[in-house]
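Sequence lines, in order, name chains A and B.
The opening residue of the first sequence carries number 1 in the working numbering; numbering runs sequentially from there.
The opening residue of the second sequence carries number 1 in the working numbering; numbering runs sequentially from there.
Read the hints as simulated data drawn from the structure, not as lab findings.
Please note that a few of the clues may not be correct.
[As the list claims (entries may be wrong)] Below, simulated DSS-like cross-link-like pairs (lysine-lysine); rule was C-alpha separation at most 25 Å, straight line: (1) B/Lys-183 with A/Lys-462; (2) B/Lys-45 with A/Lys-181; (3) B/Lys-181 with A/Lys-183; (4) B/Lys-45 with B/Lys-13.
Small disclaimer: the values here were computed from a predicted structure and weren't measured.
There are 2 protein chains.
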Amino acid sequence: MAKVIDFQTDPSKYRHWRVEYDGPVANLYMDVDENGGLFDGYQLKLNSYDLGVDIELSDVVQRMRFEHPEVKVVVMRSGKDNVFCAGANIRMLGGAEHSHKVNFCKFTNETRNTYEAAEADSGQKYIAAVKGACAGGGYELALACNYIMLTNDSASSVALPEVPLLAVLPGTGGLTRVTDKRKVRRDLADVFCSVEEGVKGQRAVDWRLVDEIVPNSKFDEVVAERAREFASASGKADVEKGIELTPLSRSFAEDGSVSYSLVEVAIDRAGKCATITLKGPDCDVPADTDALVAQGAQGYMLRLARELDDAILHLRLNERDIGLVVFQTQGDPEAVLAQETLLLESRDHWLANEILMFWKRVLKRVDMTSRSLVALVEHGSCYAGVLAELLWAVDRSYMMLEEFEGDNRHMATVTLSDANFGLFPMSNGLSRLETRFLGAPEQVEALKDHVGEALEAEEAEKLGLVTYAYDDIDWEDEVRLFLEERASFSPDAMTGMEANLRFAGPETMETRIFGRLTAWQNWIFNRPNAVGPNGALQRYGTGQRGEYNMERV
Amino acid sequence: MAKVIDFQTDPSKYRHWRVEYDGPVANLYMDVDENGGLFDGYQLKLNSYDLGVDIELSDVVQRMRFEHPEVKVVVMRSGKDNVFCAGANIRMLGGAEHSHKVNFCKFTNETRNTYEAAEADSGQKYIAAVKGACAGGGYELALACNYIMLTNDSASSVALPEVPLLAVLPGTGGLTRVTDKRKVRRDLADVFCSVEEGVKGQRAVDWRLVDEIVPNSKFDEVVAERAREFASASGKADVEKGIELTPLSRSFAEDGSVSYSLVEVAIDRAGKCATITLKGPDCDVPADTDALVAQGAQGYMLRLARELDDAILHLRLNERDIGLVVFQTQGDPEAVLAQETLLLESRDHWLANEILMFWKRVLKRVDMTSRSLVALVEHGSCYAGVLAELLWAVDRSYMMLEEFEGDNRHMATVTLSDANFGLFPMSNGLSRLETRFLGAPEQVEALKDHVGEALEAEEAEKLGLVTYAYDDIDWEDEVRLFLEERASFSPDAMTGMEANLRFAGPETMETRIFGRLTAWQNWIFNRPNAVGPNGALQRYGTGQRGEYNMERV
């Protein structure tokens, strides 16, 4: 599976999803083309999915927010007759490398989280209208919707058959949402996750697995009625028209480097390192929200967010030997602040809100990236407000101290803004500064007095905003030593360490999905009982069950 | 490593620890006998430890509570000159099977949690007095103490060198306690976990890694002073004399079954199943707390707790092919309630409190056991109060409904008591009933109206206290089908599923250690970069670093 995976798509290219818009309600049909798999060797039967199907879904969800702000309710349903969705494609999973399986699950998890949070962030509520079998990843698709309706007939059920059938976990949030979102009683959850055929009818409601069952004959009617009700009850402001998410400007060089308009990704293959440079604004601040809408996808922050998001996904899936990502910025910090000021002051405007919420998601994508992350704060950089947030998303940071010989760029500074104090919570629900100073919450308060100040290295280090400040004499050696050291560590140990160190403080359903559930799933994805030649994943479809070593660990 | 591991020991057998008692202060010396390893093939140099060393520590901590209630401060220190503790023995880890590594870490984690909580539960505070190198599992020993003192000399440091040196995680709570207990700033934690040599002196205080540094020349003096201070400030009541934890009555049969005085463990090797039967009281309720003290270790609840604890540990480590544990009780429910009533009414008495807090730990040990757990509520059983708690510790439960032909035991009942509403929190901080009814908290309130009622099957099922109630016609088939089904599933998938389903609701440092950290550690313990022939664990001590596949997953 060495094919380059492209996360950019648009409706004209969709093979698996289609949307019918009906005012405030959008009907989103999953209708997977079984010959449209991302890789060879499997057919996507019964609305089963692979990463390609999920890339389209992610695109749908994103465009719903920006291109269709008039939509208040999205009804997720199947375009096929007898099946809602059979889950992740097993042949694909059986044939995929460990790293692909893990990254596939991470991306699908992020997509589920995104539409689950759409209601809270933007007032777009997702309903799952389930008719036919809804199993495994299919039920996980539904679980991430905030309301689940199930046809009450003998063929329609919800199920998580992974454990009995495949010897793996429902790892796309399934187990976590069953216990923590749906709050299914633990022994019933145990039963539910053990029965291949799942649960249907009234029992599905009684066990809290779905919100409502509807007679088959009235299903479409009641679903439409419920969608209208939710739309009327929605607090989302009426917006007539969205903006178009035009294609990204992007080019790949021979050596794997990628250039966007505001983001450069330089690959150092020998050093196992990618440097992502974010540029400061290349365009004027829009005068008001009308101008913001007129700029559309060409506006600075939105373009930057889209490009960075794509770059991170590209590195995760397509550059797996690159263990270290270095962040840099170059530009005018004042110009960055000017751009964000308009957004912050217009938060009640739909597009300003969407752009800020998207930046929140991109930062979370950075947090969740299993690579060592470091920020270099060089002269000429623009770590201000929204961009400064990267300094506390990374594992550590190095800042240039005082003047460097022959370097006439402006002095390295870090500038705090109001955006750093709660607008972009991590998945633990805290701001990055709150997480950073968990042991000294008074420090976060003290930092508020420095909002707007261009802090040079000595002060930024003293305030705990960067890890190290080095002058011209030490900088090069120290940074090089760090990069070399990091490249020498076991990538697995780094992944485990970072997953544990990055998310101190409270846990949420989200941290639990990425922490606990994902880690157990990764473990199982390494166990012969699942992935060995006689394991359940390999044997699926052969009529033989997996052959297990019965030792408990 | 097929040797049977015995978790019972006493001070006369210790090879690695010794205690000097000095009124309210106990000095606990770690002085590992390098030839005293539990298995052959390694020497326990530099105060490194294996499971045998930890079994002794666990025994010390337990006896401190029951035999030495006069102790208010325990000072953990090294009996060797230049090293506090070098951590888990690497040769032992390198040679151990995956399942042994995982169970070893689980037991050491439980022991750390136990002495960490001794302050809150019983007013016994643990201080780590660190002189010399304190690395890896050695620092994790210190992290679980609630106050860390470090000698300020060039040789003494604290370190977590697992990642750079061994390509595994500091998995005995290290990463979690660094972020969540010590609240070390995340980038500093990243640096700390990357430097083999660790951190010493003032920097260790500044980074929150230790609480205090003391000049080497004054170390013993200041440690003694601090211990006296903490003892004076302790809220623990003065108790002159404890009770003796006399040896358990225990015998092993040829087939692996184990008999204690109140606990029977029957092994069905073909069915991969163990049945643990807990008996109701075989002795009178002590008239008052003086009588409770006089009964000592022969009292019902304490004996039951000790025997069950030992049985669970035995099954975990020595019967790894037994994937399923069935709980049964037999006896008079009223007699159980009478025993617990004295304890509940005497909670301000030190011994009553210790017995209840020990039962809390035993129940947590059950929760954390990676086996499928089921309770059978048969006629003649005594699931009342403290014993009923088992019904919500297991994954599911089956109860006999109405009379069974030829069975003249008393009717199966479940009886709630005040003990079920908060006295025995799970590691998530909630009672088992609160966790069970997370989606219907009003149900927990409603259950309070039924305290003291002997609820028969129909009502117990209706109230959600058991999973299934079956009559004479269905009972045998249903139970058999469940046992067979469970025995057919992949044990790894069950372990992952149970770890995710058992702990809904809030997370705590404890759930995080057993959930997130442990799962990542288990994953890494399966990865060639750590455990493969050229992995870091195997190569440790050869002068060669591990050879890594650099792909990130």
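Outcome of the hint check:
Under the criterion of a C-alpha separation no larger than 25 Å, the hint pairing B/Lys-183 with A/Lys-462 is consistent with the structure, at around 18 Å. Of the supplied pair hints, the one linking B/Lys-45 and A/Lys-181 is violated, its CA atoms being roughly 49 Å apart against a limit of 25 Å. Proposed proximity of B/Lys-181 and A/Lys-183 is contradicted: the alpha carbons are some 29 Å apart, above 25 Å. Only pairs whose Cα atoms come within 25 Å are accepted, and B/Lys-45 paired with B/Lys-13 is accepted, the gap being roughly 20 Å.
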